[in-house]
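Novice: Line by line, the protein sequences are chains A and B.
Sequential numbering from 385 applies to the first sequence in the working numbering.
Sequential numbering from 39 applies to the second sequence in the working numbering.
In case anyone wonders, no lab produced these hints; they're calculated from the structure.
What you are looking at is a predicted structure, and each value in this text was computed from that prediction instead of being measured.
Some hints could be false.
One-sided excerpt, in silico: chain B residues whose CB lies under 7 Å from chain A [to be verified]:
1) R146
2) G162
3) A201
4) R208
All C-beta atoms in this analysis are idealised placements derived from N, C-alpha and C, irrespective of residue type, glycine included.
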Amino acid sequence: MAMNGEAGGAKPLAPVRARLAAARRTLAAAGLAILALDLWAGGSGLRAALAFAAVLAVAALVAPAPDVPRRRPREERREGGFERLPARHLAAAVPDPLIVFDRDGTLLFANAPAVAAFGALPVGTALPLRFRTPEMHALLDGVLQAGRAQALADYMERVPIERLYRVSARPIGEASGLFVLMFEDQSEARRIDRMRADFIANASHELRTPLASIAGFIETLRGPARDDAAARDSFLQIMQAQTARMARLIDDLLSLSRLEVKPYIDPDSRVDLARLARQVSESLARLAADSGLVIETRLPDAPLMVAGHADELTQVLENLVENACKYAGDGGRIVVSATRDAATEPPEVTVTVTDFGPGIPKEHIPRLTERFYRVDVEASRAQKGTGLGLAIVKHILTRHGGRLSIRSELGAGAAFTIHLPAA
Amino acid sequence: MRSQHIMRSYDEELKFLANRIAAMGGHAERMLEQAVQALVSEDADLARKVVADDAVLDAAQREIDDKTIIVIAKRQPMAGDLREIVGAIRISADLERVGDLAKNIAKRVAAVSQTRQPVRLLRGLQALADLAATQLKEVLDAYAGRSPDKLAAVRDRDEQIDAMYTSLFRELLTYMMEDPRNITACTHLLFCAKNIERIGDHATNIAETVYHIATGAEMPPERPKEDDTHTVVVERLPAERE
């Protein structure tokens with residue numbers, strides 16, 4: 385009977401199964417009783433089996449079907465299938481980093497935001513090894529050993545980019561043996577705090593010099609040079625240059641601070657680096673011409689795609705080309721070239737800005753990306769440099785998972801290359 | 039852990055060792071970060087805390103030593119297990135040294151902050167420390183994932199630290215020649231820079247150990263590198279140059 389039901393499809397089988405399930409205790413008792421009776425009567429058990437099959441058939445056909453299973457589909461519809469939702473899908477939909485782990489502290493699942501924040505987290509990673517701070521160890525011990533219902537901690541990673549998370553760990557469900565670790569990103573609040581402190585420290589230091597010189601000129605203009613028209617004019621000119629420098633400095637500081645506050649880049653946006661390089665070369669051609677330089681481009685026609693933010697990467701290229709314009713000296717030309725390097729793992733897209741100026745002494749190269757680091761303070765001031773251009777470049781590249789390499793030979797020029805993972 | 043032994047307690051012991059190494063790593067990373075922060079912000083309290091924290095690392099290393107000896111005696115480990123255990127001894131020794139070096143930086147904070155240091159020098163030290171911290175983080179992450187892929191890059195990047203150190207060395211010499219009153223503080227800063235550079239070397243050592251644990255092979259030979267500090271001399275006074 386049941387076989388026929390199965391052959392006819394799942395639908396007619398369902399009530400049969402429900403009836404049998406509802407009567408399973410009675411049926412078991414009946415089966416045992418028949419078997420005992422048969423064995424006691426000296427039978428082989430075959431007759432008992434036949435008798436039991438008959439009882440089973442009657443139960444399947446006649447016994448009243450229980451109500452509960454028939455209510456089920458309606459309930460499911462009301463909950464929109466929530467009961468059957470796999471936990472994996474729910475965890476993947478959470479926008480914050482989320483990690484599921486077991487009693488041993490072994491990682492079972494990490495959602496995409498967690499991988500974006502902490503890099504590859506393969507299944508089987510031991511969490512105490514990956515999150516090593518004393519606070520995180522206390523947090524994991526709290527839920528795993530002490531059996532606490534919830535534990536909180538702050539987790540900070542300083543390199544490569546400073547990030548701060550409020551982390552909570554708690555068991556999932558009742559005695560499932562699974563635990564969840566959730567990260568709430570607090571980096572922005574912290575960076576705003578730091579930005580304020582940094583801004584004050586940097587600005588006070590770097591703005592004091594031009595401010596002092598302006599104050600000095602004002603004093604002279606009000607005193608000894610009051611009636612000297614020629615001196616007045618030249619002093620006003622210097623003051624104008626100094627205020628312009630302060631304005632540039634504030635712009636750069638703000639742009640650096642803004643970058644530091646912004647959270648991660650959207651990993652889905654794609655940029656064609658070859659096109660950006662072409663645009664930047666064209667828009668800065670006039671600036672280069674003013675310094676007596678020509679920008680040559682050696683860019684492929686095929687797009688060079690990277691994951692990243694178009695405005696930020698434009699700023700990287702602009703800063704590099706502007707830098708080259710400032711320090712190319714009488715090299716005559718600047719070369720902007722781009723290529724896709726498949727030899728590296730993972731494949732990289734590189735853009736190189738080369739100048740043929742005096743070059744950079746070797747001992748300065750490792751430190752060029754520090755804020756306000758200048759090879760030659762006077763030359764930099766004369767070129768209207770703020771000492772922040774390469775710091776901004778480095779910061780943007782770090783956020784994009786890229787890096788800057790600098791090669792230079794004294795007297796032959798310098799080449800600045802940006803490396804970004806190809807998308 | 040990845041492998042399963044018939045004796046579950048053996049697995050537990052190996053797991054315990056790995057966790058203690060990770061905890062040591064976390065402490066060492068924290069000490070480096072705080073020591074440099076104390077130096078840059080002239081924070082004597084933070085410096086004292088770093089000095090006190092070193093005891094934790096020393097105790098952890100002794101504990102790991104004891105445990106590994108017991109495990110070797112009891113289990114007579116072979117192949118991957120043996121590499122794991124010997125690796126634990128070596129990594130814990132390196133991390134303990136990192137702690138000592140960070141503590142040494144913290145101890146110098148008081149002497150350095152007696153006079154105001156040029157912001158530019160401290161920024162340089164901070165940048166050097168960031169490089170070393172990145173190295174340390176990457177090798178410990180590689181230990182966590184037993185992933186040898188990035189380790190060669192870590193070791194090659196040690197050159198950046200050396201180049202940065204050479205540059206700082208030169209700058210410190212210049213400051214000392216400018217004004218002999220700078221000599222005390224600059225000498226301390228020079229030792230701090232050297233300590234950070236040494237921390238980078240320990241990170242490289244750990245990279246080699248992790249590579250050995252993960253693959254059972256020695257790391258491919260290193261590219262030859264040059265250390266320029268031995269030859270750095272500042273010929274002219276900076277006053278003449280400007």
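Novice: Look at each hint and say if it fits the structure.
Specialist: Do the hints match the structure? See the list:
Look at B/R146: its Cβ only gets to about 21 Å from chain A, farther than 7 Å, so that hint breaks. The criterion of a C-beta within 7 Å of any C-beta in chain A is met by B/G162, whose closest approach is roughly 6 Å, and the hint holds. Interface restraint check: B/A201 against chain A, minimum CB-CB distance 4 Å, threshold 7 Å, status holds. Taking 7 Å as the C-beta contact cut-off toward chain A, the hint placing B/R208 at the interface holds, the least distance being around 5 Å.
Checked against the numbered hints listed earlier, the structure breaks hint 1 alone; every other hint is satisfied.
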